[in-house]
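Undergrad: Residues per chain are reported as follows:
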Amino acid sequence: MSFAITTADIPALALGSSVLACGGGGNPYYGQLVARRVLSEHGAVRVIDVDEMEADRLAVFSVIMGAPLVGIEKPVSLPALCAGFAAVQQALGDRLGAFVALEVGGGQSLLPVLLAALTGRPPLDGDGMGRAFPEAQMCTFLLYGMHPALPVAISDDHGLLWVLRALPFEIGRGRVGGTGRLGRVVGLAVERVFRRYCARKGGAIYFTVTLDHASLQRALVRGSIGLALELGRAVHSARAHGGDPVEAILRVSGGRLLMRGKIADVERRFRGGHDWGAVQIEGLDEDRSRRGEIAFKNEYLILRIDGQVALTVPDLITVVETATGTPITTEVIRPGLRISVLGLPSTPLYHTLEALRVVGPQAFGYDVPFVPL
Amino acid sequence: MSSVIGIDVGGTNTDAVRLCGDRTVAAAKVPTTPDIQSGLLTAFAQVRGAEPIDRVHIGTTAFTNALVERRHLEPAAAIRVGAPVSESLPPMIDWPEDLRCAVANPVFFVRGGREYNGRSIRPLDRSEIERVATTLVASHVTQAAVTAVFGTSYPDDELQVAEWLQTVNPDLGVSLSHRIGRFGILERESATLLNAMLRPLAARTVAAYRAAVPASLFISQNDGTVMRADRAAELPVFALASGPTNSLRGAAMLTGLADAIVFDVGGTTTDVGRLRGGYPQLAGLELEVAGVRTNFRMPDLCSVGVGGGSLVDPVTGAVGPRSVGFRLITEALVFGGETLTLTDIAVAARRVEIGDPSRVRHVGAELIARVDAQLRARFLRLLESFEEPHQPLPVVLVGGGAPLVAHLLRELGRQGVQPEHASVANAYGAAIGQVGGEVDLTFSLATTSRAAALARAEREAHQRAAEAGARPGSIRTVELEDAGLTYLASDALRVRAKAVGDLDVGP
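Chains as they are written, first to last, in the numbering used here: chain S, 1 to 373; chain D, 1001 to 1507.
These aren't lab readings, by the way, just hints derived from the structure by calculation.
Just so you know, not all the hints are guaranteed correct.
Claimed, not checked - Here are a few chain D residues that face chain S, going by a calculated C-beta distance under 10 angstroms:
(1) Asp-1125
(2) Arg-1126
(3) Gly-1184
(4) Glu-1187
(5) Ala-1283
The model shown is predicted, which means the values in this text are computed figures rather than measured ones.
Glycine included, C-beta positions come from ideal geometry on N, C-alpha and C.
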């Protein structure tokens, strides 16, 4: 079930991706502008289902490691994206089948669309999170294992930094056995090593990573790009026709309105290169007498209402402006905004015990059980 | 005793007030004239009196109108300092096509700019800058906007580029992004370009004001402060959209309330805003000026289509959003027209006495009750969206349509405060404008402690307020916030600080 993404679809895709990004992924505005420009020059792309990809083909994902703030001074760099891709492409030869996103959210889910427009290969309808998370080990690709002997490249605004033509070992499956354990170790190692490297290199580096068909079959969160597009379109349509954009998001996503209110206070702490903090919400309308609190680490992690846990990671907690349905990221949220807090279901791939150790509330230091929406 | 005149040049009326200390000495409301200046002079003449005037504050729509109408704009060069970084998003990429065509600003990418930690992306190249300057001379471009990557944190590159440009061409007007915007290169660059395009108009406007007004002259900014007229001639972009802010600040001054909800009831809409500590609560989302996205902060306003000219459905009693606007004085029933408006309802209910009441005798109590019931519900929702639960705030009613809705707030259990001179609240807002200074800086926590970073940002904000004309003893910090650079392993810290103070006027 393929579908086209045209220049006119980009604002909807960016908005919908940001709804799924749970407050992370940075400001999608710049990515959207770059994508509109590239698509208007190179034409629309056709997004395909992973089952339409031939089994002997490989997929490539590009992801930017860095801070949203750096991203609004140094926007998505096409030279960086292309340098990384060219290096991987050289190693792959003609085995490239498609592009895929590591996460939906911010500009990240627009990267495969950009590469697709520039090279003529299709992007896949899916990603490795179904949302955004702050760290590499939290993606399903690492949790469920990646094939060895596939190239990885790292680049930045100035060009290629280095390329690894093949991973030295298989991650996760096979040799080590249990799903995810080694993937988690590798992910944590990537975070340790490359967060610092990234900071030294000016705060934004681009990873270009290859995935084989079997990894995608195991770990792809399917349909997330289509869902983001549909969400964005529903919000735009509600705005245009005097409908309720929040209602539109809930209808399309199967999510739930958890609280409606107004931001009373935002407290931030800076620790280990991440924004940690809490958002205090005073209820409005039907929630008039209730008080909410959302803890965040770059993304919104856990919602308490009147002291009771209402929803946690890995389910999606997203905050949108009530009047417009515009998603509000953790970087810009502040007192006075009138918001709705929504809960959206996460991928079942995150619901195994092994996965929850990496993406559940305990992984972020909250000693509460995960109760799916 | 210091004496100040505040003038608001609006779309319909030009309002003026003269204050002596906190005492109102005179107020005037005259129609705005097509040339702006003659209406301004009339209003000024009506309030000036015999005593000397210390200063005059003017809130103007001249610059906003120039942008909206795409008139009186000067082409300006967009110089992006940061090659090879950031070229994926060229200047003006998100501008409306007609504005881009109207000015045809040339674009240059030059080497330079910084990383977030201050390291140079590429060293500046003097010969490259000089070539740009020469090109501009040859193509008769007289304004330039210089925007460097991370220029707000590290302004040195922009300052150096300006110096080299002006060495080649001393007459070139140069607008620097770090003096205008905050983080977000595109919005900051757009604001800087708008500024450059408005500068020749600003210089002419300010010169005309000066010729007309024999006093120390200040211009309202969109954050409730004023700037000296000579600064406004250089930074007109800060004067864009100052109207709503002046109306909220005026309401604060007229009532003495620092925390309140303000209903500004006009002809077409009611704009509702919230005062916190005497200043408007600011909106969260990005502001567009004439279709261009900038990153200014604007008052958080809810507008509903309820005003004196709003059409009323004679059957259902539904009000607005359509309005007869400035044609109220010919189209409303009480003025001999054929359209049932909210003003007619108010006359029928004997809340106001204007026009010919006999023309609304057929408007029954039942229709009045229907209109009231639905307006009450809408106003209640507005109040709730601005108030904390169980902590009702005072409500201030300003604007020409205030008497039409005052009873609704009483019925909602609120004492709607309607100050004297409420209809010229904007001019009061202009009169009481303070001066402010703002900084937005990034620090490395490897070399600076958080406390030291906050202190330095605060100090610089105070210094900027003083440079803007604030009396040193009166400066206070109104905003001081920090946010980590999300996702980075390094300990970078971003701090934003703002300070305001009273104007330092003569003894």
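Undergrad: Taking the numbered hints from earlier one at a time, note which ones the structure violates and give those numbers from smallest to largest.
TA: 1 and 2
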